[in-house]
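Going down the list, the sequences are from chains A, B, C and D.
Numbered per the numbering used here, the first sequence finishes at 457, counting up by one with no gaps.
Numbered per the numbering used here, the second sequence finishes at 457, counting up by one with no gaps.
Numbered per the numbering used here, the third sequence finishes at 457, counting up by one with no gaps.
Numbered per the numbering used here, the fourth sequence finishes at 457, counting up by one with no gaps.
These are calculated hints, taken from the structure and not from any lab test.
Any given hint might turn out to be false.
Heads up, the list lumps identical chains together, so a pair's fine if it works in one copy or across two of them.
Stated by the list, open to error - Here are the simulated BS3-like pairs of lysine-lysine, each with C-alpha atoms no more than 27 Å apart in a straight line:
#: 1; residue 1: Lys322; residue 2: Lys6
#: 2; residue 1: Lys386; residue 2: Lys(-11)
#: 3; residue 1: Lys181; residue 2: Lys350
#: 4; residue 1: Lys6; residue 2: Lys313
#: 5; residue 1: Lys108; residue 2: Lys146
#: 6; residue 1: Lys322; residue 2: Lys181
#: 7; residue 1: Lys262; residue 2: Lys322
#: 8; residue 1: Lys6; residue 2: Lys350
#: 9; residue 1: Lys333; residue 2: Lys290
#: 10; residue 1: Lys(-11); residue 2: Lys356
#: 11; residue 1: Lys299; residue 2: Lys178
#: 12; residue 1: Lys178; residue 2: Lys356
#: 13; residue 1: Lys(-11); residue 2: Lys299
Protein chains: 4
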Amino acid sequence: MNLDKLREECGVIGIYAPGEEKISRLAYYGLHALQHRGQESAGIAVNTDGHIMYYKEMGLVQEVFNDTVIERLNGDIAIGHVRYSTTGESYVTNAQPLVVHYKGGAIALAHNGNLVNASEIREKMQDDGTIFQTSIDSEVIATLIAKYGKLGIEEAIKKALKEIKGAYALVITCENKLVGIRDPHGLRPLCIGKTDKGYVLSSESCAFNVLDATFVRDVLPGEMVIIEDNNITSIMYEENAKKALCSFEFVYFARPDSTIDEQSVYISRKNAGKLLAKEHPVEADMVIAVPDSGTVAAIGYAEESKIPFGEGLIKNRYVGRTFIQPDQKMRERSVRLKLNVLKENVEGKRIIMVDDSIVRGTTSGKIVALLKNAGAKEVHVRVSSPPVKYSCYFGIDTPETKKLVGSENSIEEIRKMIGADSLGYLTIDGLIKSADEVNTNLCTACFNGNYPMDVPKNANKYLFDKGCTDIRL
Amino acid sequence: MNLDKLREECGVIGIYAPGEEKISRLAYYGLHALQHRGQESAGIAVNTDGHIMYYKEMGLVQEVFNDTVIERLNGDIAIGHVRYSTTGESYVTNAQPLVVHYKGGAIALAHNGNLVNASEIREKMQDDGTIFQTSIDSEVIATLIAKYGKLGIEEAIKKALKEIKGAYALVITCENKLVGIRDPHGLRPLCIGKTDKGYVLSSESCAFNVLDATFVRDVLPGEMVIIEDNNITSIMYEENAKKALCSFEFVYFARPDSTIDEQSVYISRKNAGKLLAKEHPVEADMVIAVPDSGTVAAIGYAEESKIPFGEGLIKNRYVGRTFIQPDQKMRERSVRLKLNVLKENVEGKRIIMVDDSIVRGTTSGKIVALLKNAGAKEVHVRVSSPPVKYSCYFGIDTPETKKLVGSENSIEEIRKMIGADSLGYLTIDGLIKSADEVNTNLCTACFNGNYPMDVPKNANKYLFDKGCTDIRL
Amino acid sequence: MNLDKLREECGVIGIYAPGEEKISRLAYYGLHALQHRGQESAGIAVNTDGHIMYYKEMGLVQEVFNDTVIERLNGDIAIGHVRYSTTGESYVTNAQPLVVHYKGGAIALAHNGNLVNASEIREKMQDDGTIFQTSIDSEVIATLIAKYGKLGIEEAIKKALKEIKGAYALVITCENKLVGIRDPHGLRPLCIGKTDKGYVLSSESCAFNVLDATFVRDVLPGEMVIIEDNNITSIMYEENAKKALCSFEFVYFARPDSTIDEQSVYISRKNAGKLLAKEHPVEADMVIAVPDSGTVAAIGYAEESKIPFGEGLIKNRYVGRTFIQPDQKMRERSVRLKLNVLKENVEGKRIIMVDDSIVRGTTSGKIVALLKNAGAKEVHVRVSSPPVKYSCYFGIDTPETKKLVGSENSIEEIRKMIGADSLGYLTIDGLIKSADEVNTNLCTACFNGNYPMDVPKNANKYLFDKGCTDIRL
Amino acid sequence: MNLDKLREECGVIGIYAPGEEKISRLAYYGLHALQHRGQESAGIAVNTDGHIMYYKEMGLVQEVFNDTVIERLNGDIAIGHVRYSTTGESYVTNAQPLVVHYKGGAIALAHNGNLVNASEIREKMQDDGTIFQTSIDSEVIATLIAKYGKLGIEEAIKKALKEIKGAYALVITCENKLVGIRDPHGLRPLCIGKTDKGYVLSSESCAFNVLDATFVRDVLPGEMVIIEDNNITSIMYEENAKKALCSFEFVYFARPDSTIDEQSVYISRKNAGKLLAKEHPVEADMVIAVPDSGTVAAIGYAEESKIPFGEGLIKNRYVGRTFIQPDQKMRERSVRLKLNVLKENVEGKRIIMVDDSIVRGTTSGKIVALLKNAGAKEVHVRVSSPPVKYSCYFGIDTPETKKLVGSENSIEEIRKMIGADSLGYLTIDGLIKSADEVNTNLCTACFNGNYPMDVPKNANKYLFDKGCTDIRL
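For reference, chain A alone in the conformation it holds in the complex (with noise of 0.2 Å):
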């Protein structure tokens, strides 16, 4: 039932608000916001004077906590997490926040990225007695944190992220603090906000605004903030690493009211919409967009070419996750439950269509095909992204190679499978300068597999645990 997209990870957040009466309410407030992040499962964990509560469940934020629970989680700490929605089967063993307890006490800690060398770690680990319980690389860097947990938490951290690499943003609460950290390259975004009470850590600034949260600055990659006693101590790591942070933020996963690294992700979006226009640019009646996530780009397109903008297509906004299995004839018109076309507006127009990213192909065809029912004379599709076509070892969910049909044909290729009349796409220095107003320092990995790290020859992208599984339905 999804469009054709990636998807990311996770998002985090966390809240610093000693004697704030209704903490876990800030955190699910939070949450919500950073909902497009993960819709698979949503935890909250909550920490007085370290002591940690938690609770998470399968589901979006709204359907895992209620009243009873989120009254129940008191405390003066919270961290939260929320997890990206797989077709397949879901875990709760795998949800987030992860709270173990090691010779310090309890700890809680949020993940948004992916490890490289957790296999790695986790072997080596085995090898000297130590068990797992999940199959999620977050439990390898608790487990390391633990290993060294008698040199103190700071030390501890310190420890364990000499040793893991890969993207990392992670919110962490101990004792009395809130740690925030960010992985050398800064693959994953993180960002601090003030309130009245205290301190904010979110994925994404998108969250602060209905806290009432000021916006303070990004957490650096390699820097981790520890918050105690209202107070926020910078300790940098790791300074040495090159930025690279994910281009999809920009183009896909962020909301475009965030600000990541000090570039506006609406105007990276709208900047790259320009780009795109000027690229390939295309005689045509009207541009449109695939809603909701190439709308941006679409009338940054307009703008620049002075074709005006208008709308194609008409989104369902009740589609979810709970669909009834879709017999054969409706699996091949399935895009139809989620979009349908504004026909009077199409009807005898050369439209220009554009869209934030085609990954395995498989619905931009049937797009086109209903614009093309409805009349429309000609349809070009322009794409606000490059064509992807390697995996990404970050975080983000990428199909294999052989699935991603910007890595396996050309562009004529994918123009005739398509049917489109012509195909444009952004490319690689369009897409950083859309963003790199503030030399902002892309990975694009996905795109030219510029890997900003070594990536072991075994990094299973995932710990695909032939072990064990938790059915959970």
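Once you've looked at the hints, dock chains B, C and D against the given chain A.
Frame of chain A, contents of chains B, C and D only:
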């Protein structure tokens, strides 16, 4: 948690498809396309040679039905219903289709609209010893049909229609028939589509695409269509009433990709935006919409005024109906859970903010404040419909007159209340013109009190039943 | 998964307690005490000065109600109902109390029993244009009351009672009244209790203890009691019918701690066991019961025969209604999920196994086999009721005659089928004697076909509604 | 809502049946037969060649599992667990089987019992950098096995067993093995059965009947059995400990149709009743039981004393765990929700009331009062076990010592408290004799404080985790 909008009562669907193996599946997809017309409850009844099976429950179409239920709901004819979402209590007893047994067998009925003389008829029938088991006016229709049942179903329905007054789009199934009826004024829409296997009746044409149906025509005001033996028979049971389609179908209720009485909803909304620009021009830097309902009019306004259209407000797509109870603080800024400002886009600018309607006036001020706080220099509010001043008795959940901000205040007073730099509403003439490309003839009673029929003094909008309450949690 | 028993239709409760703060709580406890009379659905309706609130759902009393619902169900008068558990489909539409609106206001009705002329009345009323929304005969009673509603509630009820034939214990509330009615033959039990605050009506006296009520008397056959202004008025609406209380109340349905028509159920069962010992003596080492329903009779048998009572079969207390589908193998030995043999106790012994009844004969053989496999030398089956040979039309779910093992087979044939060394049933005379210490006058129609009233040829036991089906899963 | 009883911790089952298609179905039926040992949560893990799938949730076996889950849980070996029902909070995190990953692969473990040195080991391991994710001592066992994992599973388990102290019956599956272990004192029972396809391990033999298994023998104290290649290997890892099976298995926990350490539970309970009659004879008219747990002893008492056995108290079979909150009045007479007196049977009689145990003494007085109110002339209470005076550290949920009525009061004081005419407890010698036909050797620590091993001063009975709490509602 809801923005300041009127609420539609219901949507109905009817599918005639003997031989179609999975008719309930089609009804499900059809109802899903009509989900915007009602989110409180959903139901489907299927008819096999006069035997009717049905299932209805509180919730969205996707929540109410699952594979097992859909699998069991087999038949040759199906009707379906979605009902709107109240904030307060909801009773499954009042969900539809209503299925009853009368002399002629079982009959299932789904109703969109509201009768103005239901109480009156009900009281009279109770005097004669009739019982009622729900508090919906639709039961009055069913009971009248039963009363005349021995005349045969067609005659019985016609006799019943002679007695009821008000707004109704009805789909009924019994024997081997699918019946569609629209009240003499055509207050509620209903249209006919054709499929390979048979026919479809639907509140809106937007449901046809997913059902592979082609639009045939609207059911006419005062018309009853009977589909049987794969044939349509038309009976004009009342031809002299003045047509009066509900304006709000164009303003807000209907999906933009529907066509009602030969008028494209999208185009009428865009027209409304253009006319609004002509009626209330203002110098500004950007036209923005209150998403999603103001978007089409905003595009029209921008086009007419040559002021660029841009996004100023981002809507959280995950706002559902199961939110935890907000505390006082959150209640005050609840609009932030739904909307966030694109600061980069509005800062320092003169903004024209287009909304489709203002009902109570409770959220417009909050949105204007969000924009001003984000640095908008001026905020000019433009509303693509006239001020709502009168209660509707035909199926729209309008608040009491004194809660209608347009009824109690001058436009200048409203402008001050919401803190806008200027405020302009579309005129009634403008609205009529926007939708009336083909002589649509609209009911504008909520704007000017010109009701298309006498509204009895004791016309309770609903059968507020002091008699009994069914508790469902 | 059920042992081979007949099923009671329902239990009813009525509580009159103006000023009692938590009347629904009392109804809940009362229904809980009557849970053995029906496990399919439960419902409570409360009446405050003519306004009725209600809640009903599929499930046990404990499953249907929670604190929130109970908290909201306030009133001066409450009635409640439990309905029996079918193996097949269950429809919430058919749950009770039935709440309807008629001229006089709202009325709630709970019914235990079955009418024999419901179809007939229903058809006649449908001819006159009346609709029905459920497939229960209780709706016929409510509809008749409404028909005569303008005569005032008392007269209306009396007129309705003149028309209906069959078995009924009814509790009704409307206006400020609680009404209790028992059919002219007294086929179903109903008794009156007194509390501090008012009165209680209950199918069985076992509910009084938990409600702190003292037993006053049974409602008489043909009597209607009206409780109002904290007073009881008695109206004998029919006095000439022959009393005929259902035998199976004593054999199996009622709880042993109830007293029905002044006869202790426990003592009648023990008497039955004693008489069984006299009628069918046999030499043996131990008397055991098929738990739990055979226990009291087994104790009686042991006492009379001087053969020691012992436990030979242990029942699993956790057998509920949500078992997974058994595979073929498990179906064959499903009795083992419920019963296990105490090998030590039966090995090498001659066993007298006492059961309360044999209906289809499907499990007795399995139990005998279990005992023999465990080493019982002989198994003598004794049944504390006569063979069931005829269908019941008065509220008991008897299988078709040809599935009644006692109807189609001689006792010797049954003995062979179940593999017992001997088999003895209590005689009808014995059964009457066991329960008839105070001239109880029993209906013995299921044993000898002597129905207490004419059963119309077309007396469908239920309104098997070919018209429509409500699917609930 | 619970009568005054001690609570067992758990029941375990293990099924070795390569080639059996529906192994989880067997585990389900087996757990169902052990349901009396724990009603809080249930879980099943299945092992196919080292890969483990599992499912566990709060609730009864029938509530936790449905056809879909059972269908998916395929494998060659299954283990299952039921956990007891607490009144307070319940955490699914603590449900079992516990499934972890260690060097050797996945391992699933189900544990009945309690370790006395779990905190100690846990702290030491935390010092070495190990984390824990639950608050159950079973995780300590799994963690120890992992620690020694590289020695191979057998050696690892043996090393782990050397370190742990306390009570445990364990079933473990990993690789292609099913392992059963009983602690050196044999505090918790575990026995072996044989089926067509393989083997069964079970806490109690009552599960064998439904699985078509025949009893082979008990696992011996200090024995580990390894089932692999359809063969059993026995390893006596500790032979010198004194046997000390928990007395309460015979008094209350085990089902009467189980045989533990070659002693029939039924016979031991009947013996206890007989010995009780010898130790505490009294003249009376009838012996009654507090159902169901006192029934067998009451039958024994009656047999020995020649005073007839009868039923005086009827138990409501539908008392479950989801009762609404009782108000104060109902709390006081809550015993009435469970028990009702058979007035006819006790009125005017001298009653001997046999119960299996008195723990807090909170309900005995209420039951005596019920009997006296119903007209019993005398009530002589007889208890078929000695006064409980000491806390258990081996897996029984005993209240604090000061809440144990037998610890703080003389027998005469208790008699007065409960209002009995006389009170007699079985002696410890009597209890031993009742169960010790074959030299059973019982742990009687809760009666006399003679613990079978040193109980460390800081032996927390559970790992009451101040560190963290998982909220589940």
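> Going through the earlier hints one by one, which of them does the structure break, listed in rising order?
Replying inline: Hint 7 alone not satisfied by this model.
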